[in-house]
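Novice: Residue strings, one per chain:
There are 2 protein chains.
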Amino acid sequence: MKIALDAYGGDFGLAPNIEGALDAAGRLGCHVALVGDEAALKSELKRRGQEGDPSFSVVNAPGGVIGMEQEPAIACREKPDSSIMVCADMVARGDADAMVSMGNSGATAVAALFKLGRLPGVSRPAIALFLPTKTGQVMLLDAGAITDAKPHHLLQYAHMASIYLQKARGVESPSVGILSVGEEENKGNLLVKETFPLLKASGLNFRGCVEGRDIPAGTVDIIVCDGFVGNICLKLAEGMAKTIFQIIKEAAARNPVYLLGGLLLKGALKDIKAKTDPDATGGAPLLGVDGVAIIGHGKSSARGVANALSAAMKFHQSGVNDAIKQAMARIESEKPAEAGASK
Amino acid sequence: MKIALDAYGGDFGLAPNIEGALDAAGRLGCHVALVGDEAALKSELKRRGQEGDPSFSVVNAPGGVIGMEQEPAIACREKPDSSIMVCADMVARGDADAMVSMGNSGATAVAALFKLGRLPGVSRPAIALFLPTKTGQVMLLDAGAITDAKPHHLLQYAHMASIYLQKARGVESPSVGILSVGEEENKGNLLVKETFPLLKASGLNFRGCVEGRDIPAGTVDIIVCDGFVGNICLKLAEGMAKTIFQIIKEAAARNPVYLLGGLLLKGALKDIKAKTDPDATGGAPLLGVDGVAIIGHGKSSARGVANALSAAMKFHQSGVNDAIKQAMARIESEKPAEAGASK
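These protein sequence lines map, in sequence, to chains H and V.
The opening position of the first sequence corresponds to residue 1 in this note's numbering, with each subsequent residue numbered one higher.
The opening position of the second sequence corresponds to residue 1 in this note's numbering, with each subsequent residue numbered one higher.
If you are wondering where the hints come from, they were derived from the structure by calculation, not from laboratory data.
It is possible that part of the hints are untrue.
Treat identical chains as interchangeable: a pair holds within one or across any two.
As the list claims (entries may be wrong) - No farther apart than 25 angstroms at their CA atoms in a straight line, the calculated lysine to aspartate or glutamate pairs in the DMTMM-like style are these:
| hint | residue 1 | residue 2 |
| --- | --- | --- |
| 1 | Lys200 | Glu19 |
| 2 | Lys187 | Glu71 |
| 3 | Lys187 | Asp11 |
| 4 | Lys314 | Asp53 |
| 5 | Lys249 | Asp23 |
| 6 | Lys200 | Glu69 |
| 7 | Lys187 | Glu69 |
| 8 | Lys200 | Asp23 |
| 9 | Lys187 | Asp37 |
| 10 | Lys42 | Asp97 |
| 11 | Lys270 | Glu250 |
| 12 | Lys42 | Asp148 |
| 13 | Lys200 | Asp322 |
| 14 | Lys270 | Glu238 |
| 15 | Lys200 | Asp290 |
| 16 | Lys249 | Glu44 |
| 17 | Lys150 | Glu194 |
| 18 | Lys266 | Glu334 |
| 19 | Lys266 | Glu38 |
| 20 | Lys249 | Glu184 |
| 21 | Lys167 | Asp37 |
Okay, chain H solo, but in the shape it has when bound:
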């Protein structure tokens, strides 16, 4: 299979992308199309002795790179030949089976949605983010800041995430929770109260309401929420971990006893860091678009890029999107007619 990789996307530019691609292509047997500045990419492949390697191709993106801080919709419109847009276009035209970018998350989602469209029956795609927990990972969606979701959207998120974990990750009967402020159904906001009965009747392994503390505790496999709440949680969780490590680091710099303690604890702290490391999750699938798109973390190293490429392969090969289409058709047929209005 062929994956279009946004070769300069992310905070660290080309290096982690090309190194991750070299690793993944060799190990997983996929073909990676490096999308970006053609001349620069070709000379880089040459420099690394991979010039004639059939695992790689180079695709020019004359529009350059969309910056990490650019407004996604505007950037995609103004730079139709940017690397992210070219990647999405390749998947749309069938020139690639999947796209992967460590660049501007919002722009990746916008480009994929614009070029690939939604799967039939899907009202809204969602960024399904893996967050580290005490025991493993939890899939939180929508983490993509598509705000003001409706109950119908959250129901679709739960179905899509369950299918993804089953098919691409082999989780047998993924448990689903809805993010709220208490375990009781009546404690949530309007969105929770209206979504709860839909999830209860969904046939999914629905465990009811979960709270903020359930995200790090890892009590369920999937947590659905509005993109506004999801994005705030994701940034709060990242910020908390970062702040705690900064405090330990600064204490160590100040005091040799702490420094020694920190060195001895390094292995344990590394375990935590490894868990909270963006490299470990393999990127966030964009669920609900008619194609395969993986949105990686801007701070990914080569390992993170390789993991994202691997996730794209599993996403493509495990038939996730066909299963989502079938599920959407089934939900649609079971849905009372007027609910269609909230699409």
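Add chain V to chain H, keeping to what the hints say.
Specialist: Just chain V now, with coordinates in the frame of chain H:
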């Protein structure tokens, strides 16, 4: 001044409450009315040799204690003589100047709102929680899970919090942010987009939108949000800190090198723990009710109770509620007529 203290409220029952009260009464010169089982409290005061101490009185609450997991509104209705309800009643009748409870937060808010009512002009009271940051504390409100707030409510939260920090904590021009998913005004949900211009025109030290990461980073003094989001953030932040410490503790139990490292780092970890310690914040003021109520953390020790009593004193003595009344009257007079409908 006289403070009604819910003597058995919180996860640890009487001990931290009575010890905190003994400490605060002696140090701060306030009178504490211990509200609970009269006979038990009297014998406890006797046992501690404080029987005739004029700093204490005992007030019977025949309805017992509202449990931490009870549904607030139902519990307050069914137990009108519970300690929390008696405390609120004392403030309402002028028998006490303030109430403090480490018990069921929701029930404390419900009891205070029910017995004291709102300050004139306030649409909705808010629980204003102090969360630890890298550099100090940030006031997050509403943290009380009063969900589905309107723009007008968030504007009032910002005014009330600014007044509280100025009057009771001496912060000169408290900076205010609104919690969102990006720094740009247009990135938020409907609530953010509609609240932003109100805050911009408020005359407050408004710094615009802040993100989840700004909570631990401490970039502003006050963050306003809907109670649904605030409560999720608070529980996520608590859960993150707890999980990280659990992982370090478990690593230390497994491996003697980590144990030694942990021991050497203990001081630094203690610094972090002290910051995230519920004892350090002094409890959350309930802003917008016509009286003084401080909601403490269920896991407070004697120090936490003493700090909450001290916060109640400052809240009462600094004229916060008078200033809120004046601010509300001013906002009301400046508001276009039709906005009153959203109350």
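Novice: Now look at each hint and say whether the structure bears it out.
Specialist: Hint-by-hint comparison with the structure:
1. Lys200 / Glu19: Close neither inside one copy (45 angstroms) nor across copies (47 angstroms); limit 25 angstroms.
2. Lys187 / Glu71: between (35 angstroms within a copy, 9 angstroms between copies)
3. Lys187 / Asp11: between (40 angstroms within a copy, 21 angstroms between copies)
4. Lys314 / Asp53: within (23 angstroms within a copy, 73 angstroms between copies)
5. Lys249 / Asp23: The answer is neither: 32 angstroms in one copy and 36 angstroms across copies each exceed 25 angstroms.
6. Lys200 / Glu69: Close across copies (23 angstroms), not inside one copy (39 angstroms); limit 25 angstroms.
7. Lys187 / Glu69: Intra 36 angstroms, inter 12 angstroms, cutoff 25 angstroms: inter-copy only.
8. Lys200 / Asp23: For Lys200 and Asp23, the Cα distance exceeds 25 angstroms both inside one copy (43 angstroms) and across copies (51 angstroms).
9. Lys187 / Asp37: Result: close neither inside a copy nor across copies, 53 angstroms intra and 31 angstroms inter.
10. Lys42 / Asp97: within (22 angstroms within a copy, 76 angstroms between copies)
11. Lys270 / Glu250: both (17 angstroms within a copy, 14 angstroms between copies)
12. Lys42 / Asp148: Classified as neither: same-chain Cα gap 44 angstroms, cross-chain 54 angstroms, threshold 25 angstroms.
13. Lys200 / Asp322: Close inside one copy (24 angstroms), not across copies (48 angstroms); limit 25 angstroms.
14. Lys270 / Glu238: For Lys270 and Glu238, the Cα distance is within 25 angstroms both inside one copy (16 angstroms) and across copies (21 angstroms).
15. Lys200 / Asp290: neither (27 angstroms within a copy, 41 angstroms between copies)
16. Lys249 / Glu44: neither (36 angstroms within a copy, 46 angstroms between copies)
17. Lys150 / Glu194: Both. Shortest intra-copy (9 angstroms) and inter-copy (19 angstroms) distances satisfy the 25 angstroms Cα cut-off.
18. Lys266 / Glu334: Close neither inside one copy (54 angstroms) nor across copies (58 angstroms); limit 25 angstroms.
19. Lys266 / Glu38: Cα proximity of Lys266 and Glu38: none, with 42 angstroms in one copy and 53 angstroms across.
20. Lys249 / Glu184: neither (40 angstroms within a copy, 32 angstroms between copies)
21. Lys167 / Asp37: neither (35 angstroms within a copy, 58 angstroms between copies)
Violation of the numbered hints given earlier is confined to hints 1, 5, 8, 9, 12, 15, 16, 18, 19, 20 and 21; the remaining hints are satisfied by the structure.
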